[in-house]
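Peer 1: One-letter residues, chain by chain:
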Amino acid sequence: MAILEVKDLQAGYGKVDVLFGVSFSLEPGQSLGIVGPNGAGKSTLMKAIAGEVALKSGSVHLQGSPISGKKPEDVVRLGLSLVPEGRQIFGGLTVTENLMLGLTGRRDKASSKQALDQVRGLFPVLNTHAEYQAGMLSGGQQQQLAIARALVADPKVLLLDEPSLGLAPTVIMDVFSKLKEIIALGTSVVIVEQRAHLVTAFAEKTLIIRAGKVQATLTPEDAKDEVALRRAYFGAGA
Amino acid sequence: MQAILDAISLGGTYALAALGLGLVFGVMRLVNFAHAELITISAYVMVVTNDLPLLISFLLASLVAALLAILTELAIYRRLRGTGPAIMLIASFGLSVGLQKSYELIFGALPRSAAVAPWMTGSFEFAGLNFTISSLVTVAITIAILLAMGYLVERTTLGLQLRAAATDFKTARLLGVRSNRLIGSAFAISGILASAVGFILVVENPQVDPMFGLNITILALVGIVIGGISSLRGAALGGFIVGFILSILNTFLGNARVYAYSYLFLAVVIILLVRPGGILSKRNEMERV
Amino acid sequence: MSKKLAGLTKFNTRELFGPLLTVLILSIGVGAISASLQLAVQFALCNLVMVIALQVFVGNSGVLSFGHGAFAMVGAWISGMSTASERVKGNALALQELWQPLVGFNLNLYLSILAGMVLGALIAAITGAFLMRLNGLAAGIATFALLGLFYNFFFNNITFGPGSQALPAVPKFSGVYEPLVLSLIAIVVVYLFNISATARNLRASREDLLAAPALGVSIQRVRWIAFTISGALAGLSGAMYVHVAGTWQVQDYYLVFTFLTLAMLVIGGSASLWGAVVGTLVVTAVGQILLLWEQGKSIVGIKLDLPNGARSLIIAGSLVAMLLWRFAGVTNGKEFSIPFLGKRKSG
Numbered sequence: 002m003a004i005l006e007v008k009d010l011q012a013g014y015g016k017v018d019v020l021f022g023v024s025f026s027l028e029p030g031q032s033l034g035i036v037g038p039n040g041a042g043k044s045t046l047m048k049a050i051a052g053e054v055a056l057k058s059g060s061v062h063l064q065g066s067p068i069s070g071k072k073p074e075d076v077v078r079l080g081l082s083l084v085p086e087g088r089q090i091f092g093g094l095t096v097t098e099n100l101m102l103g104l105t106g107r108r109d110k111a112s113s114k115q116a117l118d119q120v121r122g123l124f125p126v127l128n129t130h131a132e133y134q135a136g137m138l139s140g141g142q143q144q145q146l147a148i149a150r151a152l153v154a155d156p157k158v159l160l161l162d163e164p165s166l167g168l169a170p171t172v173i174m175d176v177f178s179k180l181k182e183i184i185a186l187g188t189s190v191v192i193v194e195q196r197a198h199l200v201t202a203f204a205e206k207t208l209i210i211r212a213g214k215v216q217a218t219l220t221p222e223d224a225k226d227e228v229a230l231r232r233a234y235f236g237a238g239a
Numbered sequence: 003m004q005a006i007l008d009a010i011s012l013g014g015t016y017a018l019a020a021l022g023l024g025l026v027f028g029v030m031r032l033v034n035f036a037h038a039e040l041i042t043i044s045a046y047v048m049v050v051t052n053d054l055p056l057l058i059s060f061l062l063a064s065l066v067a068a069l070l071a072i073l074t075e076l077a078i079y080r081r082l083r084g085t086g087p088a089i090m091l092i093a094s095f096g097l098s099v100g101l102q103k104s105y106e107l108i109f110g111a112l113p114r115s116a117a118v119a120p121w122m123t124g125s126f127e128f129a130g131l132n133f134t135i136s137s138l139v140t141v142a143i144t145i146a147i148l149l150a151m152g153y154l155v156e157r158t159t160l161g162l163q164l165r166a167a168a169t170d171f172k173t174a175r176l177l178g179v180r181s182n183r184l185i186g187s188a189f190a191i192s193g194i195l196a197s198a199v200g201f202i203l204v205v206e207n208p209q210v211d212p213m214f215g216l217n218i219t220i221l222a223l224v225g226i227v228i229g230g231i232s233s234l235r236g237a238a239l240g241g242f243i244v245g246f247i248l249s250i251l252n253t254f255l256g257n258a259r260v261y262a263y264s265y266l267f268l269a270v271v272i273i274l275l276v277r278p279g280g281i282l283s284k285r286n287e288m289e290r291v
Numbered sequence: 122m123s124k125k126l127a128g129l130t131k132f133n134t135r136e137l138f139g140p141l142l143t144v145l146i147l148s149i150g151v152g153a154i155s156a157s158l159q160l161a162v163q164f165a166l167c168n169l170v171m172v173i174a175l176q177v178f179v180g181n182s183g184v185l186s187f188g189h190g191a192f193a194m195v196g197a198w199i200s201g202m203s204t205a206s207e208r209v210k211g212n213a214l215a216l217q218e219l220w221q222p223l224v225g226f227n228l229n230l231y232l233s234i235l236a237g238m239v240l241g242a243l244i245a246a247i248t249g250a251f252l253m254r255l256n257g258l259a260a261g262i263a264t265f266a267l268l269g270l271f272y273n274f275f276f277n278n279i280t281f282g283p284g285s286q287a288l289p290a291v292p293k294f295s296g297v298y299e300p301l302v303l304s305l306i307a308i309v310v311v312y313l314f315n316i317s318a319t320a321r322n323l324r325a326s327r328e329d330l331l332a333a334p335a336l337g338v339s340i341q342r343v344r345w346i347a348f349t350i351s352g353a354l355a356g357l358s359g360a361m362y363v364h365v366a367g368t369w370q371v372q373d374y375y376l377v378f379t380f381l382t383l384a385m386l387v388i389g390g391s392a393s394l395w396g397a398v399v400g401t402l403v404v405t406a407v408g409q410i411l412l413l414w415e416q417g418k419s420i421v422g423i424k425l426d427l428p429n430g431a432r433s434l435i436i437a438g439s440l441v442a443m444l445l446w447r448f449a450g451v452t453n454g455k456e457f458s459i460p461f462l463g464k465r466k467s468g
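Protein chains in written order, with this note's numbering: chain A, 2 to 239; chain B, 3 to 291; chain C, 122 to 468.
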């Protein structure tokens, strides 16, 4: 059974529609990339799945049960976390406080502690800088914190919106290798990126979204084919 | 000496009022004019239940104020979320007037009075100086509440959520912070703070009329804006400054004390022009609100 | 693009004459019924001018102002002070300390109203030069401080006015026509301003604070212009009020007045002139009916015994209900139109 199933999702803001029927599914432990040009609706798709933007039609199922129409705070509790675009860490709070916020949905103290230890193992910087104000971390460290903060909620599915935004290439490689580890631990991951190369090579399967629709599905093989990638990304004219 | 103690005690009272307002503003960008009516209702409750032991009477007042605060959230403010601060401000203005008129229908337009905690109006001598008991008790209560609030905000999960929501509610929700519950808690706490203010005021002035809480609320609002509305610390500080200055002006202006408000308002305008984000604001950022 | 910038952009006869005729017909029609209704119409017209004054600034700029009461206060003050007779000013108990030059300062009714407008505009222009830098909440609180400052000053000062007491024996309008004509003029002025480039730029800044400067619009400047004009109109409203009430009292221009007129604007819909007219109309009508019920009279056969104070409660309640139901107001921000006569081209 698919862990995340999106069917014919339509969404937008007010009278403006952004997504016109997007469908895909994600298997447990799988990684999915979503790429597309600016304004294609990638972020809206993430927000719609996480409950921040209301669906106009279609459905989202997590582990077989519907989550569409639920509030973001409830979606997290059901096992789906979104790392929003631009990281959105709380710069005025300490690193530890940011992580504590990630635990909001969890009741059990012991497993919470375990989750904290786990992400600190995965991202040592969070340990060494525990009492720093999060706003003082570097961009890459902030991204790690944002991912860790989502991870402590123990999500089955982790959505990441543009994790490479504003990061230096070496730092990006770092973040992606951490994501590999996270997937290996059993979390399914959806990554939205404008940089098609990066994700196509990384994810088991990559959707290209343009004008609010899925235009094509790529495999890591396609990443090598520059021309095909370009064409899929920008449309037939390119 | 008494003048300084008075100023500190009045400043503290204003700080409590400002804190209640700042708390609600932080989580939903609402300037709650109707906070005045929370103060008023708790004063009414204390007057009406004056025959009961003081503590019981105060707890009842807190309960009523907290419930009223939550009720206004559920019935009105919840439905206006996302319409923008101006709309919510006007709605709270309307609610404030509406509640005043309701009090008028329930309790009458004329003041209701009762001597709440009469022992506090006495005075005593210390080191050759005269002090009123009420100002000392007020300072003690204020310090206790400010410390408790400091603990709540800085050290508890609820406080962490409040701080996070005040900077970025959207992201807080993505992390699982339950919006309705958090906003409800903020309103409840603001109601309890209002009842503390109501208690302090009703001891000083046992004449409770429908506009009882209006004055302090308006001035506390002024306080949170000049202190910096984006942080609770700024709100409390701003409230304190306004109360302190007002008290000092009252003491030292002599016959011109009637113009104390004019000077205060003038100071407010000037402070806002120099620092639109408040005294504690770090940068001259474009306003979020 | 034009859809984004709600509000009028070019002259449209219907949009101007709709409000004009509505006000004209209702004022004369209702005013003819009884003497007490005629007085109510006069008060309503004063409120109307205040509401459209607010519309000019608040509606166009999207910046909240609680300070307009201060402009009405000074407008009413100078208009009342300059028309009350020298004998009254010299002898009234409340005016013992009045500054001598004020006792001898006399104008005729119309000049005094003009003086009210000029003083309202002047105070608005001076304060606006500073205040227009502020946005959002800071602007709201700063304008509130302005109102508080003027109120505190006049309430306590007995050199320039009666302090907390009333200035008596201000000459009254002879009937509904004088305030009516003044209101109609105000409507025309506001309409012409609202279709001007300045107002259009101001509305552009309301939609997007960052985009307007990018288009070469100085937000501060256009706001200041609107603030000054609306200050003049608020001064006019106050000057009218003082000649309807026949007395000047500082409390008349404070919180209740501010709340009531803002409520009228919001209930009608602050984005349009027509909204201001409709809001004034609706709130006044509801208020009148409730007042009659409060007095134990019956209206079209319906008699309710409302307790004193219920009226304000219901008005406040309906303001809140209005916001919950439709926060853009009854008119939803649209200008006057007659539905079945063909719609104005939208888009």
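Be a bit skeptical, because a hint or two may be false.
What the hints assert, rightly or not - Derived BS3-like pairs (lysine-lysine); straight-line CA-CA distance at most 27 angstroms:
| id | chain 1 | residue 1 | chain 2 | residue 2 |
| --- | --- | --- | --- | --- |
| 1 | A | 225 | A | 214 |
| 2 | A | 16 | C | 455 |
| 3 | B | 172 | A | 157 |
| 4 | A | 225 | B | 172 |
FYI, nobody ran anything at the bench for these hints, they're computed from the structure.
Peer 1: Would you mind confirming whether the straight-line C-alpha gap from residue 225(A) to residue 172(B) stays at or under 27 angstroms?
Peer 2: 38 angstroms, violated
Peer 1: Is it true that the CA of residue 225(A) sits at most 27 angstroms from the CA of residue 214(A)?
Peer 2: 24 angstroms, holds
Peer 1: Between residue 172(B) and residue 157(A), is the straight-line Cα distance small enough, at 27 angstroms or below?
Peer 2: 21 angstroms, holds
Peer 1: Residue 16(A) and residue 455(C) were given as a pair; does the straight-line alpha-carbon distance stay at or below 27 angstroms?
Peer 2: Distance of about 19 angstroms is within 27 angstroms: holds.
In terms of the numbered hints stated before, the structure departs from hint 4 and from no other.
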